[in-house]
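Whole structure, please, built from the sequences with the hints as guidance.
Protein chains: 2
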Amino acid sequence: MVTLQDVRDAAARLDGIAHRTPVIHSRTLDELAGAQVFLKAENFQRAGAFKFRGAYHAASRLTADQLSRGIVAFSSGNHAQAVALAARELGSSAIIVMPTDSPAAKIEAVRGYGADIVTYDRYTEDRHAIAGDLAATRGLALIPPYDHPDVIAGQGTATLELLDEIGEIDTLVAPIGGGGLIAGSATVAKALHPGVRVIGVEPEAGDDTRRSLAAGEPVRIPVARTIADGLTVPVPGDITFPLNQRLVDEVILVSDDDLRDAMRFALDRLKIVLEPSGAAGLAALLTRRLPTDSARIGAILSGGNVGATRLAELIG
Amino acid sequence: MVTLQDVRDAAARLDGIAHRTPVIHSRTLDELAGAQVFLKAENFQRAGAFKFRGAYHAASRLTADQLSRGIVAFSSGNHAQAVALAARELGSSAIIVMPTDSPAAKIEAVRGYGADIVTYDRYTEDRHAIAGDLAATRGLALIPPYDHPDVIAGQGTATLELLDEIGEIDTLVAPIGGGGLIAGSATVAKALHPGVRVIGVEPEAGDDTRRSLAAGEPVRIPVARTIADGLTVPVPGDITFPLNQRLVDEVILVSDDDLRDAMRFALDRLKIVLEPSGAAGLAALLTRRLPTDSARIGAILSGGNVGATRLAELIG
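Order-wise, the sequence lines are chains A and B.
Going by the numbering used here, the first sequence opens with residue 525, and the numbers climb by one from there.
Going by the numbering used here, the second sequence opens with residue 525, and the numbers climb by one from there.
Worth flagging that the hints you see were computed from the coordinates, not collected in a lab.
All values reported here derive from a predicted model rather than from experimental measurement.
For each residue, glycine too, the CB sits at the ideal point set by N, CA and C.
Worth double-checking, as some hints may not be accurate.
Said to hold, decoys possible - Below, a sample of chain B positions facing chain A; criterion: calculated Cβ distance under 10 angstroms:
{"no.": "1", "residue": "Ala565"}
{"no.": "2", "residue": "Phe568"}
{"no.": "3", "residue": "Gly691"}
{"no.": "4", "residue": "Ala729"}
{"no.": "5", "residue": "Arg788"}
{"no.": "6", "residue": "Leu791"}
{"no.": "7", "residue": "Asp792"}
{"no.": "8", "residue": "Leu810"}
{"no.": "9", "residue": "Asn829"}
{"no.": "10", "residue": "Glu837"}
{"no.": "11", "residue": "Ile839"}
Stated by the list, open to error - Computed Cβ-Cβ distance ranges for the label pairs, DEER-style:
{"no.": "12", "chain 1": "B", "residue 1": "Arg532", "chain 2": "A", "residue 2": "Glu837", "range": "22 to 32 angstroms"}
{"no.": "13", "chain 1": "B", "residue 1": "Val547", "chain 2": "A", "residue 2": "Arg749", "range": "33 to 43 angstroms"}
{"no.": "14", "chain 1": "A", "residue 1": "Ala536", "chain 2": "B", "residue 2": "Gln769", "range": "47 to 57 angstroms"}
{"no.": "15", "chain 1": "A", "residue 1": "Glu555", "chain 2": "B", "residue 2": "Glu728", "range": "54 to 64 angstroms"}
Put into structure tokens, the structure is as follows:
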């Protein structure tokens, strides 16, 4: 449904527009993780997270007519900024449907990219319905946060760059929210190195993909109350789930305390800012939850949009 | 006393040992600063600050006999870590004389590099005397934090890399503590581009170099109480001051609040951690204190050793 060639095509469209983010290596982390670790730092991506890759790629495939009418998206935050920036880059406009309790830094950033915002209560309202309604009544193109082949292919480009830079790995680690990042990542990794193990990371309170994989079908959980606001999707996607059933080998859970410790490690030792969701892979590494025979690990640090005030609350 | 060739020689010694740190560019910063800005991110340097350049360079020029006896250094923090790591890299040992109120993260890091620590009260005791005594009685080689040509030449390599990467600039900005970083930086910048303006930044409470330049001779001030613990040297160095009299065009002052705002900007927008001293150049840019005709500015972000707990206190 999404192939390595789709990801290569996405990479060509993103060339010169998305940042080729740095790969970070830390001797201290290698010692703590008991393996060689390569961190793909998508917190340095445009709009602060990997989401720009998928959003821009999907938007770039809209027709001129669609772009002139505009884009609509729903998102707990990073996809919102990504779509807002992508729309601006392509000379289009965007309306973003965001939860009322989104971090202030994320709402401000979306406005900063020139998008309009419609808010909803994520404990009682259905964002799909709100966005679908806007799309239908105003003729807007909906770019979903994960459940779309163009979005998934775009997200895969981070891993394409990572493997291009560091060569073969035995284990790839990525957080799972809606599952678009890991689906794209796994598509690339397993096509290039069939023996690679793909490990997803979810917050303990938001383990819908782990449960769904165990059950063999999508399992819906209550909206998770976790600091990892980017990973609180209650049920795997219709498109991402079958891909991840085939491509993801294991899902590891981390606690909010694990995420805080990983954020502190990133600040103290790597000198970088990660949002809680973005620290999920690092948390799995630092708590040594990965298979013990992993020797060469790639991990996607998915984003850094947390804001200084919220950061201080989380780590203080 | 220190020439471009000295800095080039230092760069050759540091090649493959010090990190060639990234140069960061931010459209948002350009807009706020009203100029094109290139940030040399020495917070990503080994041991977390530019200090490793000078410390390693100086240590690498010691004789085998000196290295076998060991190194002694005094420092408010970053030079301590730098000398500890340099000694370890060269198979030597180090004793570091540190203030009792050094940030915990810095003391821990020095111990982590295997050095021994001797503490002193920086409001009542003389660290020069303590270190000199250790050097005399134990036959140790003293590597001072700034007042040494080899140290100054090593610090200049950051600017050599910066200009090699971005080409000509009209203004170079660097913080001033003891003056070693700016002396080395200015040596390189003015040798390569004679018209460049070199601007130093000091905390309002620690403006010894500004006063000294105005007076035409070194002026001693009380030990500054500022969050910029790396910039609290009370009097310019015997070697750095005459160099900076010749090479530094202007010194700008920033408040502790300016430094906090700059640290927040770095976290929010650049996704990087700066310690207060390391944010001095950014604070000068964000407050628009630089000459208004600056169009292409290089700025050294000198370090990122603040620690997550202290960071949360400072920005919360």
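Now for the hints, and whether the structure bears them out:
Hint on alanine 565(B) holds. Least Cβ distance to chain A is approximately 8 angstroms, under the 10 angstroms limit. Interface hint status for phenylalanine 568(B): upheld, as the beta-carbon distance to the closest one in chain A is roughly 6 angstroms, under 10 angstroms. Below 10 angstroms, beta-carbon pairs count as interface contacts, and glycine 691(B) has none with chain A, the closest being about 20 angstroms; its hint is therefore violated. Checking alanine 729(B) against chain A by beta carbon gives a least distance of about 23 angstroms; that is not within 10 angstroms, so the hint is violated.
For arginine 788(B), the interface hint holds, since its Cβ comes within 10 angstroms of a Cβ in chain A; the closest pair sits about 4 angstroms apart. Hint status for leucine 791(B): holds, given a least beta-carbon distance of 5 angstroms to chain A, under 10 angstroms. Because the closest C-beta pair between aspartate 792(B) and chain A is about 5 angstroms apart, less than 10 angstroms, the hint holds. With a least beta-carbon distance of about 14 angstroms to chain A, the hint placing leucine 810(B) at the interface is violated under the 10 angstroms criterion.
With 10 angstroms as the threshold, the beta carbon of asparagine 829(B) comes within range of chain A, its nearest partner Cβ sitting at about 8 angstroms, so the hint holds. Contact between glutamate 837(B) and chain A, as hinted, is supported at the beta carbon level, the nearest pair being about 7 angstroms apart and thus within 10 angstroms. The interface hint given for isoleucine 839(B) is met, as the beta carbon of that residue sits about 5 angstroms from the closest beta carbon of chain A, less than 10 angstroms. Remark: the range hint 22 to 32 angstroms for arginine 532(B) to glutamate 837(A) is contradicted by a beta-carbon distance near 47 angstroms.
Against the hinted window of 33 to 43 angstroms, the Cβ-Cβ separation of valine 547(B) and arginine 749(A) comes to about 41 angstroms, which satisfies the hint. A C-beta distance of roughly 55 angstroms is found between alanine 536(A) and glutamine 769(B), which places it inside the suggested range of 47 to 57 angstroms. Glutamate 555(A) and glutamate 728(B) have their C-beta atoms about 41 angstroms apart, which leaves the hinted 54 to 64 angstroms range violated.
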